[in-house]
Amino acid sequence: MIRLKVNGASKEYTGDPAMPLLWYLRDELQLTGSKFGCGMGLCGACTVHVNGEAARSCLTPMQSASGKTIVTIEGLSANGDHPLQKAWEQHNVPQCGYCQAGQIMQAASLLKTKPKPTDQDIDQAMQGNICRCGTYQRIRAAIKTAAGVKA
Amino acid sequence: MNRIELTSRRDFLNSVFSAGAMIFAAGVVPSAEADVTKSTWNPSVFIGVDTDGSVTIVAHRSEMGTGIRTSLPMVVADEMEADWNRVRIEQALGDKKYGSQNTDGSCSIRDFYDLMRQTGATARFMLEKAAADQWKVSATECKAQNHQVHHTPSGRSLGFGELAAAASKQPIPRPDLVRLKLPNEFRYIGKGVPSVDLKDICTGHGTYGFDARVPGMVYASIERPPVLGGKLKTFDDSAAKQVAGVSQTVVIEGAQPPYGFQALGGVAVIANNTWAASEGRKKLKVEWESGPHAVFSSEAFKKTLIDTANKPQQVVRTVGDVDTAFNGAAKIVEANYYTPLLAHAPMEPPAALAEYRDGKVEVWAATQNPQAVLTTVSKALGIKESDVTCHVTLLGGAFGRKSKPDYVAEAAILSKKVGKPVKISWTREEDIHFDYFHTTSAMYFKAALDASGKPTAWLQRTVFPPIGSTFDEKEQYGGGELSLGFLDVPFDIANFRAENGPAQAHLRIGWLRSVANIYHAFGIQSFIDELAHTTQKDPVEYWLATLGAPRQIDLATQKAKYTNYGKPLAQYPIDTGRLRRVVEVAAEKSGWGNRKNGNGRAWGFAAHRSFLTYVAAVVQIEVDPSGKLRIPRVDMAVDCGQSINPDRVISQFEGAATFGASIALMGEITAADGRVQQSNFNTYQVARINEAPYETHVHLVEGGGPPTGAGEPGVPPMAPAICNAIFAATGKRLRELPIRKQKLV
Ligand code: FES
Ligand code: FES
Chain D
0 MIRLKVNGAS KEYTGDPAMP LLWYLRDELQ LTGSKFGCGM GLCGACTVHV
50 NGEAARSCLT PMQSASGKTI VTIEGLSANG DHPLQKAWEQ HNVPQCGYCQ
100 AGQIMQAASL LKTKPKPTDQ DIDQAMQGNI CRCGTYQRIR AAIKTAAGVK
150 A
Chain B
0 MNRIELTSRR DFLNSVFSAG AMIFAAGVVP SAEADVTKST WNPSVFIGVD
50 TDGSVTIVAH RSEMGTGIRT SLPMVVADEM EADWNRVRIE QALGDKKYGS
100 QNTDGSCSIR DFYDLMRQTG ATARFMLEKA AADQWKVSAT ECKAQNHQVH
150 HTPSGRSLGF GELAAAASKQ PIPRPDLVRL KLPNEFRYIG KGVPSVDLKD
200 ICTGHGTYGF DARVPGMVYA SIERPPVLGG KLKTFDDSAA KQVAGVSQTV
250 VIEGAQPPYG FQALGGVAVI ANNTWAASEG RKKLKVEWES GPHAVFSSEA
300 FKKTLIDTAN KPQQVVRTVG DVDTAFNGAA KIVEANYYTP LLAHAPMEPP
350 AALAEYRDGK VEVWAATQNP QAVLTTVSKA LGIKESDVTC HVTLLGGAFG
400 RKSKPDYVAE AAILSKKVGK PVKISWTREE DIHFDYFHTT SAMYFKAALD
450 ASGKPTAWLQ RTVFPPIGST FDEKEQYGGG ELSLGFLDVP FDIANFRAEN
500 GPAQAHLRIG WLRSVANIYH AFGIQSFIDE LAHTTQKDPV EYWLATLGAP
550 RQIDLATQKA KYTNYGKPLA QYPIDTGRLR RVVEVAAEKS GWGNRKNGNG
600 RAWGFAAHRS FLTYVAAVVQ IEVDPSGKLR IPRVDMAVDC GQSINPDRVI
650 SQFEGAATFG ASIALMGEIT AADGRVQQSN FNTYQVARIN EAPYETHVHL
700 VEGGGPPTGA GEPGVPPMAP AICNAIFAAT GKRLRELPIR KQKLV
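Protein sequences, first through last, are from chains D and B.
Numbering that gives the first Met the number 0 puts the first residue of the first sequence at 0, with every later residue one more than the last.
Numbering that gives the first Met the number 0 puts the first residue of the second sequence at 0, with every later residue one more than the last.
The following block holds chain B by itself, in its conformation from the complex (with noise of 0.2 Å):
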């Protein structure tokens, strides 16, 4: 249930507003609460319609390269008939008031969507009213419309701005008096406007975490334990003193498990320039003691995670009885998939920047999680949340890795025993070493064919050190990745088991954009993939014939724990009709049928499901004699309901493309004795202008129901339908990533 409500609060909003102004606060109600108080509700959208016409709306989300802080306040401004050029956003600071400002797991249009809509449809209701109060007519005769609100029969027009004070005196309508617009009355929804930090952006002044300022500012660079959860033994600071510009030192105590978000501890040099702080740290002469975690190394592991995953293991989901239909196959197919971890590598390193005084700090961060910055920081620091003040900058990317603010905490605690405001900007080799890492994980597959080729049996194991291990060092089972990519198979497969096995993390394992859902469809639209060839089929065909007749998958039934990215199945079903529309549409689209691999050329195919969202890829690829492979071509099709401002989903989709083939062509992250191994962009490569996809055609495909996901269900398609069509090309099956660690001729 979503609430809406005049507010005098406005302390909601920076700007200062006139008297007559008229602010609003809307949010969802919790269901489960029957007798709301304003104490527990938190609105999470605040518009302010102030006299002179100027309409502010708050962005309650953060801004890391999705467009978000546009997209969300347009529906606002749509729906109450405000002019674009009118209206004002404002960043909101971290706080629980807003309700969730997690900008994490694509969920920011579908969680706020009805909720933006619904209150400016309630301030261009209660404008329209104040309108038809004034000229005592019926308020069914008075229209807003772009800025003013007109009376048809007399031609007489007000601004919203002359409107705002006798429109805040109005009563808040019930939910069923206002009406929403049509569709074909949108004036920005589903069309779009231009980000409103495009210009900033192209003019080098878009303010980043890395840009925040305050006067009296000093600069930190700390030196972390290599190891983690390493215990700093001894330090000698005198050189690193005697760099020009430093002026200390300064030690931050050693995290404990669980590492969750804290700090990981260290030597920091501080100094009144970035260079001069980094030029201080490499003069420090540190000794660790590296604790349990230095027995890690990759290599061996990697041979534990496939031993796990060829023996029986945890049942997640099971149906029918897929031993004794291996017993009777006519054919048994194979096989073993690993993948290596990962680094985020957004382009801006973590960066905070924060200001201690009198128990009280104020940060500046780029964060997707503000609301985690205030707990942390607030711990760190031992001061009350509402001690904390957190400004959002804008993010030079994140993909998961800012929703972790371990480096605002080190620039709070840094600031509390500085004793003043502390810049903290991390190096590449730090965001590499520090990072909180995709995941490693093995897969094994075995399936049963009939005399056809149908799959009669189908069985999984996934095994890799969970995220839940960062929050509870004991933790070795997948718990919330199972249901990104691995419970939901979507195919028809008489019998059927997923199974889990145990993996203990040596490093703080995180999310990054699209999670399991990247090694999950790389095995799984791979080894489906494989069934085709070896039954000789096309593997779009063979791929649809599995999928079966259009249904909706019940999980439940199968005694699978799906969380269906939190929210229900009735109102977000796998339906596989949608998938099989994305599949038919990007065949299509692509040309598939008309495809002529051959001379080092083919085409390769995968779909998924993630994130409530449907795509399907065509990837063509190029292997020269040499073994260098090029990627001409993508084809997505994408089914992720309505779009509220299609450029943006399709440049997202765009992205996704050119990251998920970093992730297949290149992205490795290794460890020896328990350190990292990789440090900067010479040895964690990721794709260039020359190597990314040399153009990716995104195709909408509205399959109806309300917005899903944008920003990383185009990432785990990408990663098969490369290797798919390798395997096309060169009759290699490609079951690890990344690619170039492999021959390809």
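So here's chain D without its partners, still in its complex pose (with noise of 0.2 Å):
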């Protein structure tokens, strides 16, 4: 048996110990926040916070999921008030929004270790999370802002 802590709460888990974490969020837990979008580390939009460091879901199966604190989007904050949630709707950042979840969640693992960061630390830090519908100047702009820092 797996044991983790999901947003906060314990969760047991029994099945195959290879399936990737994304599809226990979704299937099982039903938090579908956390999004498919190539299975393959190459998009970021299933990106999770895996003991406090963002993770691509798709690629974490189950087994190495054990024992670790998962957050998702649904429990990077009470109220949807983390400053980069605030950040985001004050500079309308989403269009279609899918891949806005993973984008806040690698965001918000970035300002914990980069609290300032610069434009060559978000390239750096974001360059794995595609947006199709193209949004990626207000994702710079929201971050800048959730940091503090000038645009």
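Careful, some of the hints might be misleading.
[What the hints assert, rightly or not] Just so you have them, the derived chain B footprint on chain D, three or more residues with Cβ under 8 Å:
# : segment
1 : 22-28
2 : 37-47
3 : 134-144
[To be verified] Counterexamples of contact, computed for chain B against chain D with all Cβ distances above 10 Å:
# : residue
4 : 136
5 : 150
6 : 158
7 : 181
8 : 291
9 : 395
[To be verified] If you want a taste of the chain B side facing chain D, the calculated C-beta under 10 Å gives, among others:
#  : residue
10 : 347
11 : 626
12 : 627
If you are wondering where the hints come from, they were derived from the structure by calculation, not from laboratory data.
Quick caveat, the model's predicted, so the values are computed rather than measured.
Here a beta-carbon is modelled for each residue, glycine too, at the ideal position from N, C-alpha and C.
Hints are included, so try docking the two chains, each in its own frame, into the full complex.
Structure follows, in structure tokens:
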């Protein structure tokens, strides 16, 4: 049996240990905020925090999530008021919105290690997250707003 | 003509209303029908004002990122003087009763803006009248404002909720009695409100097709014929059935040409979660008979296309006599252009859920066209359209892919066969292999220049497997695509001829954001830049000189069958004055006149009218010594008439700059032996944050006139503007896409 914590709640899982965390979150826990975009670690739509760090849940088998603390977009803040979520709303970042949970989770992880990121830091951290609608310039602006750095 | 009525048909809204609620239906009455009966009239707008003051507005178009689910209801709310905070949006089911719901062709605002306004204004009129009757005063003294009606002389007020019951008994006023707001009275129109889905999206609570769920549902993953029209020979599912969670396999019959929106067919693995279904599918052993399209290979096909483009073809527009002009020309310039197949690759791959029960089916789908879902699913299951219910979820991007409901048919067929609700969610590999591809094209150009460098004759040919082939296998000519940036070349050239040659399709061809404008603008806007450089003129000045004096172009006198995006030219002319204006604005705002090319940095320019919108783009690029390209800045000047929700208009053009950059830099689908060779974002790349334009400045130019398209027209100028910049930077003329395949230094 695999035990893990998801958004603060203890969970037990007994299925295929090779199943990626993404499908456990989506199909079993019905936490559908984390999205599928590629299944190969190429797009970032499935990004969650594993022990506080951004990870691609499509490439994280359940066995390696064992004993870990998982946070998804649904658990990032109590009322959707994480500074990044507020900045995202302020800049009207999303278009279709499908990639945005992954973008926000990736950005949240960036701000933990680099509270005042430069353009290069942002490019570096965010280039694994595709936005097919092309909201990149607003993503960059929103990260800077949340970090309190000049646009 | 628009018609509005009060209705008792509450089935249009899912919400439960109290007895005194006022419910409106409004729609466009087809002008051909003099005697309009309820049965033929399909109202598109529904509003309910309940006695507690809550206002419900139906959004009948699909939300795929343009903000349309917010913008159209916002128009109603503004005219009605409803408080946006008390408005609830309800997503319409797929139903012909809503009129067109096909969210495609950048037409939602231009087709429904007037109707939304008139409906809102009618509701306002009736609420004011109801208050006036109650107070026994003249309606002219009563004014609706922010969810209340005020009687100024006496200072009395009544809320919309208090007035709903009385207002619902008012007769519908004649349209000429209803006053529309003046622009300075707009509360939301032209200013915008945040998207109704914004908060949900930022907290992970938006429901997309991938997220649809009903109790007891199972998950399916389908192995489809790798070559279009391939037939299932044999299959062995014993290993697949060993996978934990897999319950069964089901064969879906192969589609017959023309493929249209049919399910492609194949072998489906049914399981209790997404992962088990796809693991099971990987273990299937399937043998296919490839069929006739196995001959298709992109390399050879490209040669055929270019050959065809270099021979005389069907004339589709002609003025003057190009051949005579070529004979006496001071200078001739010729060029071939080529663009590859493209895949849509919306961030959310196709997904749908279907529940079949007792001869009826209910589906939840990320679809741009819920009414096509009804037709497609009813045909696939042999049931009546009225026995299909289609719920529309949020769409995680679409770009034209989700107008084609083949994936919804798959879910419905499987649910019927399995006897349970079935969810189908495509992998990225399936999405890329089984797309309705943006077509590949070849274009040929020839121009004659006089001694001053002015073009005196222009010949252009376009050749591409057309969208029509998806619906009629024999179709090899362009049809509607010719009206997308090919027939409507705006330059003032005395001798002009456009030709279209045949090409056979070997894959399903579909429409992708801005459609044929992509390759036509690439060829035409690059070639005019070639002419400018040949004559050593400034590209923008040369462009404007070739455009000629401001005028409205009449293509009918030039033997062209131009469709103008389904709109009359009288109302939406091809106005070269407006085109000139956006070019001037883009040049001015970007600082074109003061640009300094050199050291691998350069600027490029292109302008193009599509979806009735005028767009000019100035793109700045940098090529480093290793040949790596960056796009530090894009300026786009846009005249899309009136902007209803300007921030969403701007965001569409920002997005289009990136979408266009993806096409230009890296977009390419190829096939060998009929099989698509790309599979995921590793082999079919799209622009990432470090590759997309670093900043895009959108300059809205109010050119007057009604609203026009916003979702698509930003895409076409991007590829030529980037390639024109590359020429300015490196002296290399790129006549093929994508750029990445070619060496820049
Ligand atoms: S779905 Fe995990 S990176 Fe794309
Ligand atoms: S907002 Fe649509 S993919 Fe990013």
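Each hint, compared with the structure:
no., hint, result
1, 22-28, "holds (count 4)"
2, 37-47, "holds (count 6)"
3, 134-144, "holds (count 6)"
4, 136, "holds, 43 Å"
5, 150, "holds, 38 Å"
6, 158, "holds, 29 Å"
7, 181, "holds, 27 Å"
8, 291, "holds, 32 Å"
9, 395, "violated, 3 Å"
10, 347, "holds, 5 Å"
11, 626, "violated, 19 Å"
12, 627, "violated, 14 Å"
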